[in-house]
Structures are given as structure tokens and as C-alpha cells.
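**Q** Please build the complete structure, drawing on both the sequences and the hints.
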Amino acid sequence: MNCPLETPETANLLLDYCSRKLSPENTAIFERHVEMCPACRRFAEGQRAVWSALDSWEAAPVSPDFDARLYSRLETGPTWRERVFGPLRSMSAYRGRLAAAAACLLLLVGVLLERPGKPVAVPAPPETALMDVQPEQVESALDAMDVLSEFSRKARPENPESKL
Amino acid sequence: MSDLILAPSQHRMTKRVQSGMGGAAAALDFDAELMLRVKEGDGASFGVLLDKHRSSVVHFLFRMIQNHAVAEELAQEVFLRVYRSRATYEPTAKFTTWLFRIATHLALNALRDGKHDRLQERLDDDLGEVPARQVSDKRPNVEQTLVYQARLNEIRRAIAQLPEKQRAAVLMHKYQEMEYSQIANVLNCSESAVKSLLFRAYEALRARLAHMA
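Residue numbers (this note's numbering), protein chains in the order written: chain A, 1 to 164; chain H, 1001 to 1213.
Everything labelled a hint here was simulated from the structure, so no lab data went into it.
Predicted model only: the values in this text are computed from it and were never measured.
Glycine included, C-beta positions come from ideal geometry on N, C-alpha and C.
Hints may contain errors.
[As the list claims (entries may be wrong)] Far from chain A, some chain H residues (derived; all Cβ distances over 12 Å): (1) K1039; (2) E1072; (3) T1088; (4) E1090; (5) A1093; (6) R1139; (7) N1141; (8) E1143; (9) N1185.
[Said to hold, decoys possible] Within a straight-line C-alpha distance of at most 30 Å, the following computed DSBU-like cross-link-like pairs (lysine-lysine) qualify: (10) K1165(H) <-> K1052(H); (11) K1052(H) <-> K21(A); (12) K1165(H) <-> K21(A); (13) K1039(H) <-> K1052(H).
**A** Have a look at this one:
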């Protein structure tokens, strides 16, 4: 017989052998092999040690009032909290996926809102702004320019006071 | 065999179970028959199911969560869910598969909800909940008790260090003696995935516990 540890498919047969789940014929075949194969012998000894260690782990007995508590809960029916949060609790296993889906949805909404082709509000160019100027405003601006040119003429170098 | 035991009304139920589960092995699942009776309003059958599976569910949850109070709380939730979903129950699988699927789901949720960290911190404190070990001389002395508790602590830590799914698979395989197919059904994975989970889990346990031989 080939060593069962050589392939992962047959390695579980050793577990079955150690937990006495094999048929008597297969157990006899395995026993003959384990006697000759040091790797399988080590495996079987280790597995028996684990098995015996787990056997020694006794769970505490169930509380005597377990049934009474259960029946009292059955009689009272689900609490308001169980009614409200009960359906949500079953979704807790998918919390990560829900968060990822929500993030994807937000991203999609963002992309759709900012997609190219949508008219964007651009400030009007200065030329367009000039079109809105009234004639009175132009006139007063020209008057102001005249005043300024008069002032600058008077402030020329022949007027020494202007240097100050 | 069940033909000899069951009353005529139960024969009808057996036939329904057979048609629902589609296999001879499934037809022998008396628990499914009891659950169908619960579905029809027979509260006493629920009591029988509770009596039969109470300890195994509490012990499975205790070994998963490693806190007795939380394990009992979760076990209550398991049986509450069984009872409340009686109206929609269909025997499509073995009753214990369904029962342990609910229990495993609740245990994994409790571990993921963060109770896990708090529970691990309480691991040492919780040893006091363990019943006194029945050693051969029936009256263990202080030294024997200490050695036993140290050994037990090591076993519990080795189990607690396994990834959640591996832990569930080992506990169902070792203590509930479930078949690979049943564990696969509970964990919602393939049979080969269960074999692989178990192989890796026992490998880790051998590395941690082999010296106890």
C-alpha cells in the first residue's frame, strides 16, 4: 500500500483510522502499513494524543433552569429589540460586503454627477461684461479721465510743489 | 425498524420525511419527524427535541465561545429560532445539520461581534466553571487538580487559537461525531474543503498538544 501521507486526498484516511471510522478490513490494512511506516506512526501517535487530550475536556453541565428560562422566553414572544434588530442581525455576516457596496454606490453617484458633457457654470468673459455697461457710466468715466489728465498736466516738473 | 415502533399517524409523517429528504438514511431521522409534529402544533415534541439536543448544543457553543454563560444564552437563541421557524420548517436535511447550522451561525457571529476578545481575556477566570475532574481515585488532591487545570487550559488555548471555521469543524467532528458531508452542509462548503479544514486543524493541534501523550 502507498503511504497515505503522500497525497492530500488519502491523508484524511489516516484521520479516519485514528478516529476508528474505517471498516475492520481497512483498519487492518492501515495497521500493517503504520507498523512499517515511521511517518504514519508519528502521525497516528500524535493524533491519538490530540484525541485523548480533547476527550479530557469536559464541558460544564447545563444550568438546571435552562428549560424554564427558554419556555418563559417562548411564552413572552420576541422583545421589541429582537423585532427591530432581529432581521438586521442576520446581515451582520455581510457587514464588510455591505460597506464595500455602499462605497461603490457613492463612487458611482460621484462619477455620474461629475461626468463630462454636463454644462458647467463658467464666469462671463470681460467682453460680455462690457456689453452691459450703460452710456451714462461711460460718460462719467470719460469725465473722470479728463480730470485725471488735467491733474497730471499740472503736476509736471515745471511745478516744483508737485515734487513734494 | 421504525415501522415497528411508530403509530399510524407517525407512518404518514415518515413517508413525508422520506419524500422530503429523498434517502433511506434521511428517513431514519426521527428528529425531523418530531420537528414536523412541532410544526403541526405538538409542543411536547419540542420538549423531546430540547431534551435530546440541549446538552450537545450548549457544549458545542461552550467549546466554540469558551464562556459558559454566553454559550447558554446562545443555545437559548438556537432553540428559540428552531421553535419560531417551525411553521416554515421543511426536512430537506438531517435535523441536527439544521440545528448545528443555526448554532454555528450564532457562534461565528458572536465571535465576530467582538465578544471574542472579551471572552479570551476571561479564559483563565472561566476555568472555575469547569466541573471537578472525575479522576480514578474519585478524590483528586490539590496537585492533581492543578495539573488537570493546567492541561485543560492548554487544550482550551489550542482550540481557541484555531481559525473559527477549523474550530467548528473539529468540534463537530470530534464531539458530535458528524460525517464530513454533514459538517460540509453546516459550514456551507464542499466535503473536500471540510477534509482540508480538518487536516490543517488537527495538524495545528498535533503541534500544540502532542506532548500530552
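**Q** Hints first: check each against the structure and report whether it holds.
**A** Results for each hint:
No Cβ of chain A approaches the Cβ of K1039(H) within 12 Å, the least distance being about 15 Å, so the stated non-interface status holds. Interface exclusion of E1072(H) from chain A breaks down, the closest Cβ pair being 6 Å apart, not more than 12 Å. A cut-off of 12 Å between C-beta atoms confirms that T1088(H) is not in contact with chain A; the least separation is 14 Å. No beta-carbon of chain A is positioned within 12 Å of the beta-carbon of E1090(H); the least distance is around 19 Å.
Chain A leaves A1093(H) outside its interface by the beta-carbon criterion, the shortest separation being 19 Å against a cut-off of 12 Å. The claim that R1139(H) is not at the interface with chain A holds, since no C-beta of that chain comes within 12 Å of its own (minimum 17 Å). The beta carbon of N1141(H) sits about 17 Å from the closest Cβ of chain A, which is more than 12 Å, so the claim that it is off the interface holds. The Cβ of E1143(H) sits about 17 Å from the closest Cβ of chain A, beyond the 12 Å cut-off, so the non-interface label holds.
At roughly 17 Å from the closest C-beta of chain A, the C-beta of N1185(H) stays outside 12 Å, upholding its exclusion from the interface. Straight-line distance between C-alpha atoms of K1165(H) and K1052(H) comes to about 25 Å, which keeps the hinted pair within the 30 Å bound. A threshold of 30 Å between alpha carbons decides the hint, and for K1052(H) with K21(A) the separation of about 24 Å falls inside it, so the pair holds. With a CA separation close to 22 Å, the supplied pair K1165(H) and K21(A) stays within the 30 Å bound.
Only pairs whose Cα atoms come within 30 Å are accepted, and K1039(H) paired with K1052(H) is accepted, the gap being roughly 18 Å.
The structure fails hint 2 only (numbered hints given earlier).
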